[in-house]
Amino acid sequence: MRLPCARLSHCLLLAILALALCGRAGAAPLPPWTGDLQHTSWTREDGAPSAVYSMTQDAAGMLWFAANDGLYSFDGVRFVRNDEVFGHKLRSPLTMAVAADGDAIWVSYQFGDVSRFERGAVHHYVGADSPPTTVLRFGRTPDGVMWASSGTGMHRLEGKRWVDVGPSAGLPNGRPHGFSVLADGSLLVYCADGIYRGAPASDAGGRRFVKVLDQPLLGNGYPRPDGKVVIKPRARGLRLFDPASGRAAPLALHNGGAPLLGYEGDARGGLWVSTGDAVQLLDGQGKVVRLFSTAAGFTDGIVNATLHDREGNLWFTTANGVDRVRQARLSTVALPPGFVPALSVTPGDSGAVWIGNTDRTGAFDFASFVLAPDGRRRTTAITDVSASHRAPDGTLWFGNNASLWRVRDGATRRWPLPPALAGRSVQAMTTGADGALWVSVIGHGVHAFRDGAWSKGGGRAALAGPTAVTLATDRQGRTWFGYTDNHIAILDGDTLRHYGPRQGLAIGNTLAIVPGRAGVWIGGDRGLAWFDGERFVALDERGGRGFRGVSGIVERADGELWLHDTGGLARVTAADLARALEAPGAGVAAERFDHLDGHRGMPAQMQPLPSLVQAGDGRLWFATSSIVGHVDPARIVRNPRPPTVMVTAIRTDGGSHAPAPGLVLPARTTRLEIDFTATALSMPERVRFRYRLVGQDAHWREASGPRQAVYTNLAPGDYLFEVGAANEDGVWSPQPARAALRIEAAWTQTLWFRLACALGLLAAAWLLHRWRLARVAAGLREKMLVRTRERERIARALHDTFLQSVQALVLRMHVLMGRLPADSGMRAEVGEVLARAEDVIEEGRQRVRQLRVPGVRHGCLLQALADAGRDMAAASGVAFTQQVTGAARALDPEIEDELFTIGREALSNAFHHARATRVALALDYGADRLRLAVSDDGHGIAADILTSGAREGHWGLPGMRERARLAGGVLDIDSTPAGTIVNVCIPVTTAYQGMRRA
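In mature numbering (1 follows the signal peptide of the UniProt record, and there is no 0), the protein residues as written are -27 to -1, 1 to 971.
Think of the hints as simulated: they come from the structure by calculation, not from any bench.
Careful: at least some of the hints might be erroneous.
[Said to hold, decoys possible] Label-pair ranges, simulated between beta-carbon atoms:
hint : residue 1 : residue 2 : range
1    : PRO391    : ALA364    : 35 to 45 Å
2    : ALA33     : GLU658    : 13 to 23 Å
3    : HIS227    : GLY132    : 49 to 59 Å
4    : GLN856    : ARG727    : 13 to 23 Å
5    : SER266    : GLU658    : 51 to 61 Å
6    : TRP705    : GLY117    : 32 to 42 Å
7    : GLY143    : HIS227    : 33 to 43 Å
8    : ARG17     : ALA165    : 19 to 29 Å
9    : LEU758    : ALA848    : 46 to 56 Å
10   : ALA548    : GLY591    : 43 to 53 Å
11   : GLY591    : GLY408    : 25 to 35 Å
12   : GLY132    : ALA231    : 18 to 28 Å
13   : GLU815    : ALA863    : 33 to 43 Å
[To be verified] Here are the simulated EDC-like pairs of lysine to aspartate or glutamate, each with C-alpha atoms no more than 20 Å apart in a straight line:
hint : residue 1 : residue 2
14   : LYS133    : ASP215
15   : LYS133    : GLU91
16   : LYS62     : ASP76
17   : LYS756    : ASP467
18   : LYS260    : ASP505
19   : LYS756    : GLU867
20   : LYS133    : ASP76
21   : LYS133    : ASP86
22   : LYS62     : ASP74
23   : LYS62     : ASP42
24   : LYS62     : ASP86
25   : LYS133    : ASP102
26   : LYS184    : ASP137
27   : LYS62     : GLU91
28   : LYS429    : ASP465
29   : LYS260    : GLU284
30   : LYS260    : ASP250
31   : LYS133    : ASP116
32   : LYS184    : ASP166
33   : LYS260    : ASP166
34   : LYS429    : ASP467
35   : LYS429    : ASP407
36   : LYS184    : ASP215
37   : LYS133    : ASP187
No experiment lies behind these values; they were computed from the predicted model shown.
Where a beta carbon is used, it is the ideal one built from N, C-alpha and C, also for glycine.
Working from the sequences, and respecting the hints, build out all of it.
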């Protein structure tokens, strides 16, 4: 709160406390603040309200702000100015106080009146039902009674009206500074003349107030977690009031005598003091923990109100905007003034670390210091550290461009660099298997150092030239030399092996080499690799930015891998790491710790290296160009609270719709824009969503960008939109938010319309089919007509030419035979020739008659053949029978005509040549074929005729076979001395009408 000396134009509002209702009553206690806090601010440019004196958090986790220009809500990403709450209009945009009460929201207005909003209901308290002046704060005591303070006093809700609580209940007249609800249910009211306490009573109307502190006050009181209350008397300074004893003791402020223009308490026991140009965080002893200045981004130096949200973040409102402070996951170390931004960190003994820096140019000379786990510091004589190394026996080595230091058993010894190396910085160091110290010096290769003696390249010319960027010794005693441009050398005893791209090395310039439990890790400016003993296996980050500039690697005892690269810190669990090493191409999932967690600056990419180490107490220490920090992997600040996810709006081309139950969208709606959000306020940047539209999506969709789902080309029907959210630690909301909707169908999209269209298509298809049949029938008739005309033409030609000529020859022969003597032997021979000629003429006439006989009438095959059979039977005196089996089917006209010709020929042969006493006709409409059979009991067909297929000079049998083949069938003749059977079989796909293939 502000004290009366600050911004007098708002003096009416100075007593407002922003902690809604009972604060965090019943919530788990929060630990005290540390100095590692993350601050974020929002101003009018970000859409945030200004001059807010009251805020609250509702049951869904949404923040609400009562401002002069309306009621604002905030989900951690976007501020929204609301003219209504839960679909109900505000009475005025000039709001004063807001408070969450279960699922309800209380709002007071600057010109009086109160509203209570619920989903589906609203109640406005106006006139005599409302407090007589503006309500400044709401609160509910554990007995269920709703309280309010206003410019005229305290008020209690009874039924549907507010009643004054004044002298009759033990309270003085006039405006209180505020009130607090204690853990025992008591109500403390802070008035101008002191503090009044109302203990819980058997009924709400029986609560009586007793003055427990007779001391003039200037402002509201703030209960601390220890039960004491911070108050501001009219006298100078602050006091701690103990409700148990009724005494108030001075609270010393060790803040450099900064002006006290306002103060706020919080649920962590912190005290926030407004000084005008900054806000100070003081601990329980009044010591400054952290200072937030307006120059550093705090929206104002005077705080109006504070609020602890359910995730433990602290929110502030000022005249210029909104601020949030939260505990950072990474802790930093306050560096001595003047430290230059090239920092090194080296693990010491018992959890201590050595922190140094380097200028490279030698223009600055800053001493490194040892930082103990309890925070104590000890300055050392070692300066300008460009490289450091901890040996397996605990010996510490430090180097720069002039000296080499050794720290062993508390004693420090210095060796100057040889003249040939002076002025060149030590780049890296490691202890070899033989105890010698390998030292890489920029521009002078690698040297072996032992007891003050230097050996260039350790006696190996291959190591004397290039500068090794990093050095390491693995668990097998092999010494590793990491160079630039994908080059690594390994010294194993007396054998030096070189590795490069051919062995899978693709990390660019080597920046870190760290032996692990099952191999060696190598970091570079282009990635991370693992050496399995033979080859290097690249390992990249899956679904992230990728590992780049890896200059620090730590593999913990539990197998967890930590990296320090240009994106901050990365944590890979042992289980994920094992899976990734089994399938390296799939990458590995990494948890990132970046600027949102307190990481600032860039890790060294040249020196000092490494940029990440593990101290003896398990903490990981990292150095960047800006800070030295640490994190305890076993005590990372986590957010166990799942976010509340909600659907906020559904938009179509026709406008915006509230996601109400039974939402019906108009016909021809094909595009949906569904807005959703989640109230994860600590790190909304890391909130992940997954959603699906049941009826459209077969699987969940992942989303981490815009909080919106867009669907197009939607068909009419019922849909259910579901969306879930996970916070920064991967804790998913237990239930997804749902929004059911229906898209109405246009008349052209209804089932009846589709059925009508289907029926229309069927009718059109049927008509087309009928038209096609008519066309085919007409074509067949035309073909039959052409065929008949051709047969008639041939018959005429045979009759008028061939038969007439033969007949003339016969007549001529008769004349010649008449001239021969009666007893001439030639006369008998000529008679035989004439008889043969008469037979030819008769056969020719039969063929002519056959050509002139019209084709069978469609659908009357059996009748036509039966008629022909009966005629032949009557002429020859041979018995004739007919038989049909199967259901009669309509036959293809061409097939029917061919079968008639074949059947008539077979009947003719049986009646005229078989010398039979009985001839039978059979027609079988089978499921797979059509069969026509003509049988007789005659003397059969000669074997030579069956073998040759025809009688010499006769074409009846070949013609029958040709017709059967043209009809797609086969003709078979079974003949014995006891009779003959002629079978014709045609497949149904050819014979039956409608089944003939195109």
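To see whether the hints hold, each was checked on the structure:
Separated by about 21 Å at the C-beta atoms, PRO391 and ALA364 break the suggested range of 35 to 45 Å. Checked against the given bound of 13 to 23 Å, the beta carbons of ALA33 and GLU658, roughly 20 Å apart, stay inside it. For the hinted restraint 49 to 59 Å between HIS227 and GLY132, the CB-CB distance of approximately 51 Å keeps it satisfied. For GLN856 and ARG727, the Cβ-Cβ distance of about 51 Å falls outside the hinted range of 13 to 23 Å, so the restraint is violated.
At roughly 24 Å, the beta carbons of SER266 and GLU658 sit outside the given window of 51 to 61 Å. Against the hinted window of 32 to 42 Å, the Cβ-Cβ separation of TRP705 and GLY117 comes to about 34 Å, which satisfies the hint. Between GLY143 and HIS227, the C-beta spacing of about 38 Å keeps the proposed range 33 to 43 Å intact. A hinted range of 19 to 29 Å is violated for the C-beta pair ARG17 and ALA165, which are about 35 Å apart.
Remark: the range hint 46 to 56 Å for LEU758 to ALA848 is contradicted by a beta-carbon distance near 31 Å. At roughly 20 Å, the beta carbons of ALA548 and GLY591 sit outside the given window of 43 to 53 Å. In this structure, GLY591 and GLY408 meet the distance hint of 25 to 35 Å, their C-beta atoms being roughly 28 Å apart. Judged by the Cβ atoms, the range 18 to 28 Å given for GLY132 and ALA231 is violated: they are separated by roughly 48 Å.
At about 38 Å, the beta-carbon gap between GLU815 and ALA863 stays in the expected band of 33 to 43 Å. Pair hint LYS133 plus ASP215 does not hold up; C-alpha atoms about 36 Å apart against a cutoff of 20 Å. Note on LYS133 and GLU91: the hinted pairing holds, with a Cα-Cα distance of about 15 Å set against a maximum of 20 Å. Restraint check: the Cα-Cα separation between LYS62 and ASP76 comes to about 17 Å, which is no more than 20 Å; the hinted pair holds.
At most 20 Å may separate the alpha-carbon atoms for a hinted pair to count; LYS756 and ASP467 exceed this at roughly 102 Å. A hinted pair counts as satisfied when its Cα atoms are at most 20 Å apart, and LYS260 with ASP505 does not qualify at roughly 53 Å. Between LYS756 and GLU867, the direct Cα distance comes to roughly 9 Å. Compliance with the 20 Å bound is thereby established for this hinted pair. Proposed proximity of LYS133 and ASP76 is supported: the alpha carbons are some 18 Å apart, at most 20 Å.
A hinted pair counts as satisfied when its Cα atoms are at most 20 Å apart, and LYS133 with ASP86 qualifies at roughly 13 Å. Only pairs whose Cα atoms come within 20 Å are accepted, and LYS62 paired with ASP74 is accepted, the gap being roughly 19 Å. With a CA separation close to 14 Å, the supplied pair LYS62 and ASP42 stays within the 20 Å bound. The hinted pair formed by LYS62 and ASP86 meets the criterion: a straight-line CA distance of about 14 Å does not exceed 20 Å.
Note on LYS133 and ASP102: the hinted pairing holds, with a Cα-Cα distance of about 7 Å set against a maximum of 20 Å. Distance restraint check for LYS184 and ASP137: the Cα-Cα separation of roughly 18 Å lies within the 20 Å cut-off, and the hinted pair is therefore satisfied. Distance restraint check for LYS62 and GLU91: the Cα-Cα separation of roughly 12 Å lies within the 20 Å cut-off, and the hinted pair is therefore satisfied. Taken as a hint, the LYS429 and ASP465 pair is honoured in the structure, with Cα atoms around 18 Å apart against an allowance of 20 Å.
The hinted pair formed by LYS260 and GLU284 fails the criterion: a straight-line CA distance of about 25 Å is larger than 20 Å. With a CA separation close to 18 Å, the supplied pair LYS260 and ASP250 stays within the 20 Å bound. Taken as a hint, the LYS133 and ASP116 pair is honoured in the structure, with Cα atoms around 18 Å apart against an allowance of 20 Å. For the hint pairing LYS184 with ASP166, the CA-to-CA distance comes to about 9 Å; that is within 20 Å, so the pair holds.
Taken as a hint, the LYS260 and ASP166 pair is broken in the structure, with Cα atoms around 29 Å apart against an allowance of 20 Å. With a C-alpha separation of about 16 Å, the suggested pair LYS429 and ASP467 falls inside the 20 Å cut-off, and the hint holds. For a cut-off of 20 Å, the pair hint linking LYS429 to ASP407 stands: about 16 Å separates their Cα positions. Simply put, LYS184 and ASP215 have alpha-carbon atoms about 14 Å apart, close enough for the 20 Å limit, and the pair holds.
As the CA atoms of LYS133 and ASP187 are separated by approximately 35 Å, the hinted pair breaks the 20 Å bound.
Violated hints, listed in ascending order, are 1, 4, 5, 8, 9, 10, 12, 14, 17, 18, 29, 33 and 37; each of the other numbered hints is respected by the structure.
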